[in-house]
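Chain B is already provided as a structure; the job is to place chains A and D on it using the hints.
The residues making up each chain are set out below.
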Amino acid sequence: MEIMNEVKVTINVNGQQVTATVAPEESLLDFLRNRAGATEVKCGCNKGDCGTCTVVLDGQTVKSCLVLAAQADNKQVLTVKGLEKEQLMQDLQVSFANHGAVQCGFCTPGMLVTAKTFLEKNPQPSRQEIREALSGNLCRCTGYQKIVDAVAAVAAGKNDK
Amino acid sequence: METTVVGKGLPKVDALPKAKGKTIYADDFNMPGMLYAKVLRSKYPAAKIISIDTSKAEQLLGVHAVLTAKDVPNNNHRAKFGQSKDVGSQFEGLYRVLAENKVRYVGEPVALVAAESLKIAEKALELIEVKYEPLPGVFDPVEAMKPGAYLVGEEDSNIVSHFKIRKGDVEAAFAAADVIVENTYRVPFVDHAYLEPESGVAWVDENDVVNIRVSTQVIEHFRTVADVLGVPHNKVRVIGTWLGGGFGGKEDITVESFLALLATKTKRPVKLTFTREESLLAHSKRHPFVMKYKTGATKDGRIVAVEAELIADSGAYTYLTPWVLLYATVNAAGPYDIDNVKVDTYAVATNNPFGSANRGFGAIQPNVAYESQIDELARVLGMDPVKIRQINCLRQGGSLATGFTFDRYVAVADVAEKAWQALGPVTESKSKNIKIGRGLAVGMMSYGRLTFLHDTSRSYVKLELDGSAVIRCGVPDLGGGQAQALCQIVSEELGVPQEKIKIYISDTALTPLAGTTTATRQLYMSGNATLKAARAVKERLLQKAALMLDTPIAHLRVGEEQIYSTVSDKKVTLQEVIAQCSADGIELFCEAQFNAPATDVPDSELITGRTHPDFTFGAHAVEIAVDVETGAVDVQKLVICYDVGKAINVLNVEGQLEGGASYCLGYALMEDLIVEEGRLKTPSFSEYLIPTSLDVPDMDVIMLESGAGIGPYGAKGVGEPACNSIAPAILNAIRDAVGVRLTSLPATAEKIVFALQKQE
Amino acid sequence: MNSFAYIKPRTKEEALSVLHELGARAKIAAGCTNVLPDIKAKKLADCVLVDISSLAELKGIKVTGETITLGSLVTISELLESEAVASDAAVLWQAAKVFADPLTRNRATIGGNLANASPAGDGIVPLMALGAIVTVENVNGKREIPLEDLFTGPGQNALKPDELITAVSFARATNTKSNFIKFGLRKSMAISLVSIAVVMETNGDKLDRIRIALGALAPTPVRAKKTEELLAGKQIGPEVLEQASELIKTEVEPITDVRASREYRLHLTGVLLKRAIETALA
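Protein chains in written order, with the working numbering: chain B, 6 to 166; chain A, 355 to 1114; chain D, 59 to 340.
One or more of the hints may lead you astray.
Label pairs and their in silico Cβ distance ranges [unchecked claim]:
1. D:A99 / B:N10: 18 to 26 Å
2. B:E7 / A:I404: 45 to 53 Å
3. B:L93 / A:E1031: 47 to 55 Å
4. D:A216 / B:L93: 46 to 54 Å
Subject to a maximum C-alpha distance of 16 Å in a straight line, what follows is the list of computed EDC-like cross-link-like pairs (lysine to aspartate or glutamate) [to be verified]:
5. D:K155 / B:E7
6. D:K245 / B:E91
7. A:K477 / D:D104
8. A:K374 / B:E91
9. D:K332 / A:D691
10. D:K70 / D:D220
11. A:K456 / A:E487
Treat the hints as calculated values from the structure; they're not laboratory data.
Glycine residues also receive a C-beta, built at the ideal position from the N, C-alpha and C atoms.
The shape of chain B in the complex, shown without the other chains (with noise of 0.2 Å):
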């Protein structure tokens, strides 16, 4: 173990190994963008504090931005695209298409990712749950009613309208 002024990683995104030699301070965010090509996942704030990043790492659903890079050496992460190979975000993207859940859509894919991984723990919520689950994921266009709708008509079992 050594003191590093450059750390390399090697982090597997959405199945594929991406290697670099980061900055100690560069986020997850900034490694996924910047590195490996992933600019599905969005910059809406750098801080925290409105979930345009989220991604799934090692199985957690977290804010990308604030994870260093480093921390994520050596594991997965699965973006809106890499969780796309399963059937249920594949409902989600469908069923927010179908419910008018896409306004200007930078918010979407932080938003699949956290309904996804929610429904896959919550198979049958309620309405009040599904926004609970979804408060850490910010929405200025839509007012959150039809992204509500959209991911209980996927937990109902029907995603077209």
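Same frame as chain B, but now just chains A and D:
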């Protein structure tokens, strides 16, 4: 009119790509050899610039350019906002690229840097030495109006604009009134808080054209950028991206000039993305207003006079202030038929952040006042909130105090009643600390730009040989389904399914200019232009089909990729008709222009006649629970009732209504961009709070479709009208719940507690 | 010109020896929910990020006899998922439920919340009401600090530069009545304007003992000891609650800031004390 595609809640063409994370927003785009830009901003709200030394910054390894005002070919302009007609005077105030001689607000751009990495650019900023001599500044518009006040700009007065309305004789009317309500209302600076910060990438191509790929509501800024550079207009191309929200905050030039200058200087692609803190600090805000209202009525509830004085804080630079003030003036008395109206509005420069467009554009602020006033009147008279509005509201044939007459259905009375009814039975309070209250408010807001701008919009529609269709239209898409609406219109008219329609948007080189995505104008303008273009093509198809089927055009319909007779079995596929037309040299494309009604630029402060094409009317009814001990307000029921004319896409219209209600629910309860002596005290999203999913209730949307709009199929615009009236509905509900009339926003728990204590 | 460096100790011992070597140059990085925003805001510079996030010794919630011990790396989400915390530290569980937002809770650690020493710390206030003790270690050994003694000012803790919080423990509050109330300006992702935690041992309708902790009302989170004394041994009724709600206002020194005025915070203090006790007793 019956439609088969228009009206349906189809998923937007951009929805699934966005949900899949495929859409390339402004900051997602990179180019080889790209440099990173940063902006050095003033630390002072008012100061002389004594000197700027950029030498150390220029010498830093990795820095390619450091620019100040002296490096800008044309640093000062008349600010244009995409209009094609020069309107001059106060409506085109100063647009200055980089500060010269004096700074007027904290955050004013002073210098630009482009470097190989963001880190180097940030370091370069630190190395630029600016010597400032702080000046006193002025931070209150009322103070700034006084003679002898510190002068913010280079004019000899801080008063930027003044408008007035005069109708009848308010003095006499007040003297005869049975009841008078007087209040002063205050609304603060708020931010658009789009989740995508300002961003763009620019590069100079092999033809010396400056290309700017940017998140913008106005691609027409290419003209101003060209003027800044001193090059012909056709040497600047703006490619608008799918925005991550606009709300009026990306209506002014944000990053475009900076990028163009740096790309030209460095001969490399350059990216500039604002940090969130930079966005909150340095882009436009909604104008704060101080609004003095005096409303007089008879004991039967008839409003006989309204006198209003509105003072707006214009901030450091003019931008769209006079336009916003004009909207505020026209909207000051609300959608009511009042015989005596006296309105005076002022916008005053200060060393505060500059005000410009924000969703609602000067209609929202007076709405808070006039809907609170009428609610208070209703209380004094012991009258039902719906009834008092029905007595006074405008109806078809009625006129605003400017003299503008509504020759079509006006929904105010109906939306008020329906919204109020839809609240249903009152929820019982669950504890002695919780008081339930209900509030109603109505609103009116224009759609379409100020008519003295002589607004136009163009759209191009073409059929491919295989029956698929292409639309090219300069429309920027903020997320409100601006592009989707055009696809549905073409699908409706030409019988082409949405999957076979491809739309290209927002590129000054390749798409006809459709005008700005502002002023709730796109559906009306580019929608009508697209409709016109599609119908021109349709007409040619029908003429050909009439020959092919030996059937008069009156008996033919286009739908589901065919043209068929309504009186026989005859039909022909669209592809067959296209093949015939094509063989005969008939044009299967059309670029059409739609013109809005045109009026003259007001030549005095007195505003009369038509200022806008049309208005949208809506209402909000809310039920809230107020915790009388903590003052906390919980919105439990929220009903939205609007006449949308015709919903082109029902999901998108609902989305605008729900989103608009949420946008100004924040304005009502929690948003406050706190500025003290010109300095921002709410620098990030930790201090500047917008509603989360737990702060907004489920909303009940009731859409009326009167067909009375002047948009395609009788549609009205809803984007901005959607955020009207929710704030005063909440204030009225608070009044109902606990008996206090709050007259300033946001209606925080603290204000409620202290108002209740004062009452005791 | 990198002003940050990084080191990842593999064991707790290595971490302590690194801290000893680096002293004030070290900045402990665990959940980074404060560290990264501080770096971006340039409030942190020229330091070595000591990444302790993988240290197994600092993880886990242990129940030994009457004591619950939280490893300093226990996340707020893990508190919510813990049955022991839900049943025997209800006040902490309630605070975890309204802490930040679900995503931040997955990363934020209890040790980080303590070390960050915010006057409004939503992890600190309930732990204070539980009478928590903090275990702090360096190369020279361990010491235990009562939680109240950990804070010296807003954002300032009493740790020496080479010290690491390794655990926080408290007696199981099994037969207590407790309540945590957070008052914020919105319902999620809100910094507490005022927060209060009460833990009470009751005997029938008599209160034996109460601990009251308050957040966002002083330079550090505080215990309202005079109010605790006033209430101890009393039958809880409207009169004594009214007295307590006035006395407690003398035990705090709130400020006026962008979120609220001093006067409003004082008002809320009295209101929330009554409410927390009434809710806990109900």
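Okay, the hints, checked on the actual structure:
A hinted range of 18 to 26 Å holds for the C-beta pair A99 (chain D) and N10 (chain B), which are about 22 Å apart. At roughly 48 Å, the beta carbons of E7 (chain B) and I404 (chain A) sit within the given window of 45 to 53 Å. Here the CB-CB span from L93 (chain B) to E1031 (chain A) is close to 52 Å, well matched to the stated 47 to 55 Å. For the pair A216 (chain D) and L93 (chain B), the beta carbons lie near 48 Å from each other, so the given range of 46 to 54 Å is met.
For the proposed pair K155 (chain D) and E7 (chain B), the alpha carbon gap of about 38 Å is over 16 Å, so the pair is violated. About 32 Å separates the Cα atoms of K245 (chain D) and E91 (chain B), which puts this hinted pair outside 16 Å; it is violated. For the hint pairing K477 (chain A) with D104 (chain D), the CA-to-CA distance comes to about 15 Å; that is within 16 Å, so the pair holds. Of the supplied pair hints, the one linking K374 (chain A) and E91 (chain B) holds, its CA atoms being roughly 13 Å apart against a limit of 16 Å.
Restraint check: the Cα-Cα separation between K332 (chain D) and D691 (chain A) comes to about 51 Å, which exceeds 16 Å; the hinted pair is violated. Distance restraint check for K70 (chain D) and D220 (chain D): the Cα-Cα separation of roughly 13 Å lies within the 16 Å cut-off, and the hinted pair is therefore satisfied. Taking the CA atoms of K456 (chain A) and E487 (chain A), the gap is near 9 Å; set against the 16 Å cutoff, the hint holds.
When the structure is compared with the earlier hints, violations turn up for hints 5, 6, 9 and for no others.
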